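Mind docking these for me? Both chains are given alone in their own frames, and the hints should help you get the complex.
Each chain, letter by letter, is given below.
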Amino acid sequence: MSGAPNTLTIAAARDALRKGELAATELTEACLGAIEGASALNAFVHHTPDLARAQAEAADARLKSGDAPDLCGIPLGIKDLFCTKGVASQAASRILEGFQPEYESTVTRQLWEQGAVMLGKLNMDEFAMGSSNETSTYGGAVNPWRRADDETALTPGGSSGGSAAAVAADLCLAATGTDTGGSIRQPAAFTGITGLKPTYGRCSRWGIIAFASSLDQAGPMTRDVRDAAILLGAMAGHDPMDSTSVDLPVPDFEAALTGDIRGKTIGIPREYRMEGMPDEIDALWSDGRRMLEEAGAKIVDVSLPHTSYALPTYYVIAPAEASSNLARYDGVRFGHRARLDQGDGVTEMYEKTRAEGFGPEVRRRIMVGTYVLSAGFYDAYYNRARKVRTLIKRDFDDAFAAGVDAILTPATPSAAFGLGEMAKADPVAMYLNDVFTVTVNLAGLPGISVPAGRDKQGLPLGLQLIGRPFEEGDLLNVAGVLERSAGFVEKPARWW
Amino acid sequence: MSIDTNTAARIARLARIRVEERDLPGLAEEFNTILGFVEQLGEVDVEGIEPMVSVTPQRLKRREDVVTDGGQQKAVLANAPDAREGFFAVPKVVE
Chain A
1 MSGAPNTLTI AAARDALRKG ELAATELTEA CLGAIEGASA LNAFVHHTPD
51 LARAQAEAAD ARLKSGDAPD LCGIPLGIKD LFCTKGVASQ AASRILEGFQ
101 PEYESTVTRQ LWEQGAVMLG KLNMDEFAMG SSNETSTYGG AVNPWRRADD
151 ETALTPGGSS GGSAAAVAAD LCLAATGTDT GGSIRQPAAF TGITGLKPTY
201 GRCSRWGIIA FASSLDQAGP MTRDVRDAAI LLGAMAGHDP MDSTSVDLPV
251 PDFEAALTGD IRGKTIGIPR EYRMEGMPDE IDALWSDGRR MLEEAGAKIV
301 DVSLPHTSYA LPTYYVIAPA EASSNLARYD GVRFGHRARL DQGDGVTEMY
351 EKTRAEGFGP EVRRRIMVGT YVLSAGFYDA YYNRARKVRT LIKRDFDDAF
401 AAGVDAILTP ATPSAAFGLG EMAKADPVAM YLNDVFTVTV NLAGLPGISV
451 PAGRDKQGLP LGLQLIGRPF EEGDLLNVAG VLERSAGFVE KPARWW
Chain B
1 MSIDTNTAAR IARLARIRVE ERDLPGLAEE FNTILGFVEQ LGEVDVEGIE
51 PMVSVTPQRL KRREDVVTDG GQQKAVLANA PDAREGFFAV PKVVE
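Chains A and B supply the protein sequences, listed in that same order. Numbering-wise (the UniProt record's numbering), the first sequence opens with residue 1 and increments by one. Numbering-wise (the UniProt record's numbering), the second sequence opens with residue 1 and increments by one.
Next up, chain B with everything else stripped away, as it sits in the complex (with noise of 0.2 Å):
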């Protein structure tokens, strides 16, 4: 399976990254070298193995559904780039 320069500009659109038109094919080549490497697991028999979910046998814990925080509007907007009137601010997204 290899990776071609379409495929490599449709990885970086789903990754929110932009890439010039012109480093797409080295990093298709990159993607390709990974891909490459990992390919070796296809060698490995999985019939029947479960994928592991957790590394530790536990059950993860549970706490009552209830409100726990909150009330820190200014320390959340603390590190904000843009914050106005109490909201993160962001270019329009609805015309």
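Chain A extracted, bound-state conformation (with noise of 0.2 Å):
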């Protein structure tokens, strides 16, 4: 054991903490301290310091009784979206201001099932809306890491910021995030850190609050691969609540990481390559597929020709579905409700509290989704926009089909940007962020995000992997011989 207790892995920990090396009491204490002394990246916003200590505690006494998961003591920020018992989960809205869920997330229950800590809940953009956590109610998360001599204060991505910046930082072991876009590989790329976002029902989505409800699920987001192995392994499995939650078996997947992927078939997609890349995203493009064909795998370049339709066919799908999930939202049940004035009625008590409650971004969407669901324009937009759905998710099974086992792809189009720098760009500009992510939603598929190297100004850059359907084990695996080849181990200098 090396470093300061929080800045290990999930694994070192782990190994240590079934060693008798550390105890979960020393680790916890060790994370709350750093989330203490940094409150300016604003990544934790709800602090469970009092829950963390008790869990450690139970963790060391099941420890020494030698009955002990993976996760046993292992200190963990939960996103902000995840519904936590008896504690603030707000989606990062003022609309649910208060609200205290009476109920636990399967994939949070799981966790503590197997002896993990909760620190806290972490900033994320409001209902998952958003590419740079500015569309939070708390404020911007903050990126630890900064440009070289310059103290500009950068993005971590979104939407879960807050859970890159935690991780980052070495504030917690490890965070949960969800990802409907790419709300967990850009931030894990922005941050230099790993983040996989599994097959669309591998994790149970019962109580993380919904988004769009076909493209959203949970993922962890770690140190590197081997973590991203525990802590997915840990997350998954077949929920009752969960109607779209698989019943498959979840494998061991640290287990599938022998690090040899000799013999494996890795596309590269020629539309991935967009017109006015920057030159150093196309070389850590580059670099990854020499790196993987070192390591025995036979490089192939592959076409997914709707590639260039997925974002605007995902800024339908996604505010439609928002548009009808957002609904609960009225002031009735829970959150926030508007002071009325005499005479008000229901309609007005809806109209005022989702005024105030819901943030500019937020209203856009619903009301986009609104638009599109409406009659005369749900054929036009909305099931045109399914219907492309339907190819893009073919593009990737015959490419599949003709023996790809992998396809790797830049992350995000751009290192960490400042934050306020978008803030006059039309929303579209922002939509772009996602333009590498958002096909393996679309298409249901896991997708891992994995520190790669870094530009000029030595902000930390991701390469992304693309595997098939449920296959995230060796998806890790393709993942770990990438990320042992790009040797990428830089840490953001401390600042905070």
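What the hints contain is simulated information worked out from the structure, not anything from laboratory work. These numbers were taken from a predicted model, which means no experiment stands behind them. The reader is advised that the hints may include incorrect statements.
[As the list claims (entries may be wrong)] Negatives, chain B to chain A, calculated, CB over 12 Å:
#1 Asp23
#2 Pro25
#3 Val67
[Claimed, not checked] Taking lysine-lysine and the DSSO-like style, the derived pairs with C-alpha atoms no more than 27 Å apart in a straight line are:
#4 A:Lys85 x A:Lys19
#5 B:Lys92 x A:Lys352
#6 A:Lys393 x A:Lys298
#7 A:Lys424 x A:Lys456
#8 A:Lys393 x A:Lys264
#9 B:Lys92 x A:Lys387
#10 A:Lys298 x A:Lys264
#11 A:Lys85 x B:Lys74
#12 A:Lys491 x A:Lys456
#13 B:Lys61 x A:Lys393
#14 B:Lys92 x B:Lys74
In this text, a Cβ means the ideal position worked out from N, Cα and C, and glycines have one as well.
Pasting the structure below:
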């Protein structure tokens, strides 16, 4: 064991805890101390130190008894989108101010049952709608990375920006995220960590505040690929409470990390070579291709012809589903209710509550969704988008049927940008952040972002690997090889 | 297809979100930017293509049609902005 306990990987901490070289209480205190000293990052927005200490003590007792699952005693941060019993869970929205769920999401329940420790809730874009964490009611989370010789505050990405910042800054060993269009993978790439979006249906969505139900999926955000395998194993599994969670056994993902990818076929999709793509992203992509080739993989060019239609498809389907899911926020059953004027009826209550409670981006998406679902436009927008989605998935099906095992792409079109830099841009400019990630959600596939290099200004850059459905083990194995070859070990210099 | 302020007002009403009169032109402009962006879906040949219903080729699980939960009035009302006598309270709906 080397370094402060809060800087350990899950795997290293697990081994140290089991050998008795480290106590869960000691590990938890190290994280709580790191969190206390990192308020400038605005990553943790609800703190649960008492709960963490109680869970750590229970974990130590369990470790002593010899019955300790992998996550026993591991301190985690939880995205504010997960409902956690008795602990504020507000999706970074004013409309859920004061909401304390009476129930626990399936994913977090599984984590606590395995002995994990909850440090608190993490910042995010409001209702997971955003790519910079700036739509949060708590204000933006801040990336622990800075450009060389430049103190500009950068975004950790979004929507799981608090999760990414917390893992990169060693405030927790790992965090949960959710990904609807890239919300795990883009922030992971912006902060030099690993982020995995599992296959749709791998993790239960029950108790996770819904954004777009056919796209949302929870996943791990970790320091490395091995940790992603461990944490995914703990989060995954069939749940009778979510009819879209698949009834498949959860394999030992960590055991899949053999480091051997000889004979695997990696596809390079030509449509991802976007016009105006920065040279350093292109160079990183070529490096990744070479690394996998040197490890014995066969590299082939593939075509995913409907790629350029993925973003417009997403910006019909996701708002449509959001407008329906967010109809429940009406000031009646939970959260914020607007102060009403004399004579206001129930309609005024709805309209005022929703105008006050939702931020501008969420209001915009609800209204776009309302429009594309409204009479006269349903076929032209929503049904057409669902048909194009079928074609986007078919592109991937064809590539996999032709023998491709995984697909390599850049994770993001750029490194982290400055907070506030996109304020004047139109909404579509921000949406372009998801250009490489959104196809994966539309096709329901697993995708992982692995830190693979740095740009000219020293900021981390990620590569994305896309796998076959429910083959996360194989995908993690290829990602592990890429991680080892890339050898990204840099940490942000502490300024906070 | 361009959205004017009347349409913007209608969408806001359908979405049950109050938008002030002075904010309608800006809102209409934003809708037009986003809908202009998704307009390119019109180029795709979708003849004979089924709209996607489920991304995983599985049949949804079924369960017996029985009551599996209940009797949690206190927990259900715990987060209500206004709860009285075991009910959610709202402004008068029927005169």
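Hints and how they fare:
no. : hint                : result
1   : Asp23               : 10 Å, violated
2   : Pro25               : 14 Å, holds
3   : Val67               : 15 Å, holds
4   : A:Lys85 x A:Lys19   : 32 Å, violated
5   : B:Lys92 x A:Lys352  : 16 Å, holds
6   : A:Lys393 x A:Lys298 : 23 Å, holds
7   : A:Lys424 x A:Lys456 : 25 Å, holds
8   : A:Lys393 x A:Lys264 : 22 Å, holds
9   : B:Lys92 x A:Lys387  : 44 Å, violated
10  : A:Lys298 x A:Lys264 : 6 Å, holds
11  : A:Lys85 x B:Lys74   : 15 Å, holds
12  : A:Lys491 x A:Lys456 : 16 Å, holds
13  : B:Lys61 x A:Lys393  : 23 Å, holds
14  : B:Lys92 x B:Lys74   : 23 Å, holds
Hint compliance for this structure: hints 1, 4, 9 are broken, all remaining hints hold.
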